[in-house]
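Chemist: The lines below spell out each chain.
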Amino acid sequence: MKKYMGNKLAIFLFVLPALAIFIAFDFVPIIQVFTYSFTDWNGLTTPNFTGLQNYFDLFTDRVFTTSNRNQLIFAIVITVYQMLFATVFAITISDKKMKGRKFLRVAYFIPVILSVTVVCQLWSAILAGDGLLNQFVKLFNSDFKQNWLGDRYNAIYVIAFVNAWQWMGYQFALIVAGIKSIPSDYYEAARIDGCSNVLAHRKITIPLLAETYKFCLIISLTGGIKAFTEMNILTGGGPNKSTYTLTYMMYNAAFKKSDYGYGLAAASVMVLECMMVMLLINFIFRDKDQKKEEEKARRKRSA
Amino acid sequence: MKKKILSTLMCFSVVATTIMGCGANTNETTNGGSASSTDAGANTQSGSESADSGDKITLSIYTQYADDDTKVPYDYAVEQLKEAYPNVELNLIVQAQDDGQTLKTLAATGQLPDIYQASTDVINTFRESNQIMVLNDVAESTGFLDKLYDANKDLAYAEDGNIYAFPFSGQEYVLWYYNKALFEEYNLEVPTTYDELLNCVEVFTENGITPLALFGQEGWNTAAAYDVIATRYAEGGIKALDEGSASITDDGYVKAAEKMEELVAAGLFQEDATTTNYDQASEKFLSGEAAMFINGQWYIEDATKALGDDVDWMFYPAADAASYEAGKAVFSGGGSASGFAVNPDSENAALAAEVAEFITEKYCEAKVMYRHNPLVAIDTGKQPDSEYPAMMQKLSDTLPTITATTKFTWGLTNSTFNDAIQSESQGLVSGQFTAEEFIEDIADTME
Chain E
942 MKKYMGNKLA IFLFVLPALA IFIAFDFVPI IQVFTYSFTD WNGLTTPNFT
992 GLQNYFDLFT DRVFTTSNRN QLIFAIVITV YQMLFATVFA ITISDKKMKG
1042 RKFLRVAYFI PVILSVTVVC QLWSAILAGD GLLNQFVKLF NSDFKQNWLG
1092 DRYNAIYVIA FVNAWQWMGY QFALIVAGIK SIPSDYYEAA RIDGCSNVLA
1142 HRKITIPLLA ETYKFCLIIS LTGGIKAFTE MNILTGGGPN KSTYTLTYMM
1192 YNAAFKKSDY GYGLAAASVM VLECMMVMLL INFIFRDKDQ KKEEEKARRK
1242 RSA
Chain A
1268 MKKKILSTLM CFSVVATTIM GCGANTNETT NGGSASSTDA GANTQSGSES
1318 ADSGDKITLS IYTQYADDDT KVPYDYAVEQ LKEAYPNVEL NLIVQAQDDG
1368 QTLKTLAATG QLPDIYQAST DVINTFRESN QIMVLNDVAE STGFLDKLYD
1418 ANKDLAYAED GNIYAFPFSG QEYVLWYYNK ALFEEYNLEV PTTYDELLNC
1468 VEVFTENGIT PLALFGQEGW NTAAAYDVIA TRYAEGGIKA LDEGSASITD
1518 DGYVKAAEKM EELVAAGLFQ EDATTTNYDQ ASEKFLSGEA AMFINGQWYI
1568 EDATKALGDD VDWMFYPAAD AASYEAGKAV FSGGGSASGF AVNPDSENAA
1618 LAAEVAEFIT EKYCEAKVMY RHNPLVAIDT GKQPDSEYPA MMQKLSDTLP
1668 TITATTKFTW GLTNSTFNDA IQSESQGLVS GQFTAEEFIE DIADTME
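Protein sequence lines correspond, in order, to chains E and A.
With the numbering used here as the guide, the letters of the first sequence map in order to residues 942 to 1244.
With the numbering used here as the guide, the letters of the second sequence map in order to residues 1268 to 1714.
Wrong hints could be hidden among the right ones.
[As the list claims (entries may be wrong)] Sample of chain E residues facing chain A (criterion: CB under 8 Å; computed from the structure):
| no. | residue |
| --- | --- |
| 1 | 986 |
| 2 | 988 |
| 3 | 1176 |
| 4 | 1193 |
Treat the hints as calculated values from the structure; they're not laboratory data.
Yeah, the Cβ is synthetic: ideal placement off N, Cα and C, and Gly gets one too.
Chain E on its own, in the form it takes in the complex:
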């Protein structure tokens, strides 16, 4: 193994195809996004350099604040909903004595394989003014009838719920796989020590799933920041852009106003936000060895 790892040229050549694809389809476009964000460009003609003007306009745009608020709400709602329910459901069905666990395992995952459009149309019919939910409320002669998707302040929570409902199954599958990889010896030992089921999961399952949770957290939070499809189908970003996100701002500027420069400035901010979230999560979940090494390095420096 050491021999092969010592052959730098071989390593380089093996990495090259993947690296080339990454550079061509990810790195270069991201660089282009940042470059064009400093221009006035309609997507077709030669861009004109305008410096930081797009960013000044973006930061003073009232929709920018709304978009960031919505992203934050969206990210928090889907993260809490998905991780909480995925954990509870995964732990529940990991109990081999439980009846119907195979059925539930499939049922929880079904929304994931559906197209986003189908899911949104389904929920759109349920949440419409005369939709299933309001009709159900009406059955009980309740005045609780709501304008679920048309509310300026609350529609974003409903949209986030739709997304969380669909993708919970994905995180559920990841956590189930994580639980399966935990040796059963740990649980047996805990049981011998008189540990209850809940305590065993709290002390064994959840800590050992740290890496899985880290991944789940990354996809939830970045998914929240990048959110677009659900609001586009369910509310069209309305009413009056109150369910906009930065992605929606980018889409609106580029395709409705042919102002690609401004749209790409919004995209750049979104990329930076995603990177910051990733760094933050990596920092929180850095392993103990890494922490020790950092501590050692700090001591050395201070000595």
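Once you've looked at the hints, dock chain A against the given chain E.
Modeler: Below, chain A alone, put in the same frame as chain E:
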């Protein structure tokens, strides 16, 4: 050491094979590309000749093909094309309702279809990038300009005085439809003032009927709803705002916003108007669940089919009787410089331009004959296959008295204002944004 050399050699061979594979493809593409660009040159020079010489030519066309109003004219045009241009075939690419996103992407990647339906926004954008053909000569040689109605002459020309698209729609109007049967059932007169309208709203709401079904998910419909009120206070409506000859802070526009806020609060529109799409709103109106509806005059055919004599359109209500009478001559809506445009880089650009003009004429004919819509861009000399519906006849009789129109949102030239008026009017319709916010936000955006 041997293993090291062997592994290095293997790596080289893998990479070399990959590169060679890619290289081969690139060459093929390049060769193919240059071959077709040579052909393109030849074909462009002799577009009409090759059509006459018996070679089958396929032209791609990007246009709407969604409902009877778009399918009937297209199918008719294709039939007619077979006779006039037997060697030309059309390859239809159905236009997506995506604010020109697909078309702009096709333009950015150099894959524009030969003929495409272009809105004002698309014309203005493609003009800058030279991806839209100047059709002045074709319009003259084919006699298109002579056939244009005088009232529609302006629609053919862009801001720079050139013709970039052959328009097929003439001046169009926003009509305020109402269900006569429902008004009679509840002993209501057709409202002429806002006070009367508020009374109608109250009666309909009490009886579980939506007063006016709006499809507010589409920004143009909410903008039209604001415009029909704005034109009662300021004749220019949203057109004057778009052109910059009026300001949203002008008294008329402020009053219009306040009136709209009042009507929304009274329950003129359904509560979930901003998330209602066209199909849902239309279904409400046609099924008698809603008493009124705002849409273009193109809806006359469908409304008549479903409701027969129970449907009519009314002049927009106004603040008082005097402004109601004065406002009868001012309509929301209008024409726009949009229609069939041609890709100048097409292999058969010259032929495509001729075909685009031909299709435009046939669209107009089909609209007159089979859609009973005389509001087309050119004089076709055709008659409808049956009598005009009563509403269309009423509109035709009214046309000579119309002195001013505004614009539909797709005819607006200022994209910033267009975006603002669509979203802000949606906010007003939702009842969660005040008239003050509406005025302030649009004023800020325009600054």
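Chemist: Determine for every hint whether it applies to the structure shown.
Modeler: We went through each hint and held it up to the structure:
1. 986: This hint holds: residue 986/E lies near chain A, its Cβ roughly 5 Å from the closest one there, short of 8 Å.
2. 988: It is violated, given that the least Cβ distance between residue 988/E and chain A is near 12 Å, above 8 Å.
3. 1176: holds (6 Å)
4. 1193: With Cβ-Cβ at 7 Å, under 8 Å, it holds.
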